[in-house]
Amino acid sequence: MTILGEIALWIALPISVWGMALGYAGGRTQRGDLVLSAERSIYAVFFLLVLASLGVVSAFLGDKFEYWYVASYSNREMEVFYKITGLWAGQRGSLLFWALLLGFFATLCVFLNRKKNREFMPYVAGVLQTIITFFLIVLLFADVNPFEQLAFTPANGQGLNPQLQNYWMTIHPPTLYLGFTAFTIPFAFAVAALLNGRLDARWIQLTRRWILLSWLFLAVGIIFGMRWAYEELGWGGYWFWDPVENASLLPWLTATAFLHSIQIQENRGMLKVWNMSLVMLTFLLTIFATFLTRSGLIDSVHSFAQELKIAYIFLGFMGGVLLACILLIVYRLPKLQSENSIQSFLSRESAFLFNNLMLLGFAFAVFWGTIFPLVAEGVTGEKVSVGPPFFERVNFPIGLVLLALAGIGPIIAWRRATKRNLQKNFSIPIGVMLLVAASLWMAGARHGLALVTWSVCAFVLTIIATEFWKGTQARARIEGEGYAVALFHLVTRNRRRWGGYIVHVGIVMIYFAFAGAAYNVDQRQHMLPGDQMEITSPFGHTYTLTYEGLSVSLGKGQRNLLWQAIATVSVEQDGVAKGILTTEKRQYVTSDQLMTEVGIRQTVREDLYLILSAMDDVDGVLSANSAAQGIDLQVLVKPFVAWIWYGGLILALGTVIALWPSVDRRRNRNRPELEAVTTPATAMAGAAR
Amino acid sequence: MTTVFLGGALVAAAVTLFILQPILSGLHASLDRVEDELTDTEARKRIALLALRDVEYDFLTGKLDEPDYLSLKADLTAEALAALEADETASDTHFLDDDVEAEITKIRAALRLGLMCGSCGFGNDDGSHFCSACGQELKIGVVG
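If you're matching them up, the sequences are chains R and V in order. If you're matching positions, the first sequence starts at 1 in the numbering used here and goes up one per residue. If you're matching positions, the second sequence starts at 1 in the numbering used here and goes up one per residue.
Isolated chain R (complex conformation) (with noise of 0.2 Å):
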């Protein structure tokens, strides 16, 4: 099977190459023969990608040892769910997951257009199969063929790094890999656009519902992301801004104005060029997130000279498709002329593209941090690392701003807001906003840019609670429908408006969580069996917390894992007793380095969040002697971390909505017009379609 896995692979390539030659050929010739063809090879190649992952997944569950790849990321006591993930464990298999992923929104996407947007399709099969070629000549000639064999079969493998087995780690990269392929898919559209000339709003509206799949793919991956480092990496925190990171946060980032900006070009008729690059712009950053993460550019600064072949044919790449998308947008420029002009400032209009230069300027600071370490290395030689502090700097203010334009935006009137309209929609949320700022100051919150947080969040979900309250209402007397009635009808008859909102909402939970960060409480004291600690949440109570002593376990070498230390810590909270938690340190026969798992204790209002620092004495620990049980306990109190996941689910759920196709969509096309037009009752329903 794994041979057969390789034998695929090979076959994939002239298969895609063929594909590509024939789309490009069929769209400029309109020959639907090549075209047929080029879609068959699409299908062809996903048959391959398939084929050549089951041959990795079978060495895999088979203890195959003479493959390299197999022999570096598993060994024989790991368990089957691991062995399978070990797809993606890695460099060289994720490159082909990430190629099987690929082929497969390609396969989606041919079959779901098999009989519409046909005149895009040749073009669209083209552009998906240069990128599927693109992975395919990386797989094979760049030193990252998962199927290399070594020179001999070692008796065991080395394993799979042990924080990487944890439960969040094995559905995160498929996630963000699901969003950073499914964006090939806009991006073969827009290409397609550019080159078949077809330059009006319909290849957003085409578009539109990919980029939402694969911006909530890209934001769950990311949330997922944080959960791992916040359950698994053992030091508290949810966010490093390391490079990992940040490359899956910039095509999130450049996705969401683009989000917004189309809504300018499909009610404006401008931007044209703008949304078009910031496709384009999206597209080229999913690829930089796999060349920076898994060129080995990063993570193995040692073996540097050996990867940088890889290296060489990702910026190859990316220069080709950056040069190849700049010229085909001059060559269109006389087609994306905008139809209209900012008429005022104060407009609708005007708050988007605030909200696009925003996120692109975020985007730019991420970019630059994330990489400037890499030129200023290359330059001058020397490490130079940018932390948390200058991202913070930087992109906590326009994150602000963001905040504040996702409560401005869905209310500023279009095209130009008048004096009146801004005092009839502003002076409730803005009354709202700076009562809240009072109370929470009144409430002893004296923290800066928490205090500012807080109150805009409280700004936003007061204008979107009021546009809820509102088109409900007028629903419910104009169609004399009940309110539960009404609130459902006018979220399903315009789900993308509706959905979007919902989505501010997770957003505005995740931004409360983070200012909440500003009144973490950390505490580190040295513990032996029986003693206390104290220590008080910023809500005022206290947790008294007692160390009740270490109890080892010694594996047999099953799963890994050579031996565990547990710590276990009783809970009371001003008196009350809340139960027991436990950290622990444990060593792996795979790693030299101690793990550490923490404890976590979560609530609405906080978390509490064991860290077991250090073991006194190991040795004693583990040759059970009652002696050795000093602990370091590090303790951290951390409010409102748990409204980061329930964001993310409300976030989740908006997008969902907003992408949710309506049934009779084509049936019924022409009628939200018709009923804007023509009778009140129906203008609501309309309105609210």
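Just so you know, the hints here were simulated from the structure itself, not pulled from any lab data. The C-beta atom is built at its ideal place from N, Cα and C for all residues, glycine as well. Heads up, a few of these hints could be off.
Derived coverage of chain R by chain V (criterion: at least 3 residues anywhere in the stretch with Cβ under 8 Å from a Cβ of chain V; other residues may be distant) [claimed, not checked]: (1) 31–38; (2) 47–53; (3) 228–237; (4) 408–414; (5) 637–649.
Use these hints to put chain V onto chain R, whose structure you have.
Leaving out everything else, chain V in the frame of chain R:
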């Protein structure tokens, strides 16, 4: 081992046949627009009318007051009307259901004659002088 390579050869042959078949036996994929899809002008019309709908919505929920609403609406209506006419010119071969066609005619008339009530949005019958929904006087020709 031979079996594996035989399997590989078989896969290669099958895949090659699959992608070459359209060219060898003259199978064609359609490259034309399917009738049920939005045309360029239809897409424009849709966008113009959706913008109008948004203004209606903003007005009905009290986000826009009357003078702003009326001036915005006049602009948007002119755009919608232009889009509707462009669509009609472009879509000679593209037919819609009769009742939809009738409704479009009615809207067009309402837009042109200003029979759609500027206050409540009700589409009045030809020749009306006052809105039959809210009683507001209809300003004929406000749309231009």
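Status of each hint after checking the structure:
1. 31–38: n = 7 at 8 Å, threshold three: holds.
2. 47–53: With 3 residues closer than 8 Å to chain V, the stretch 47–53 of chain R meets the three-residue bar; holds.
3. 228–237: violated (count 0)
4. 408–414: holds (count 3)
5. 637–649: Not satisfied, violated; 0 residues make the cut.
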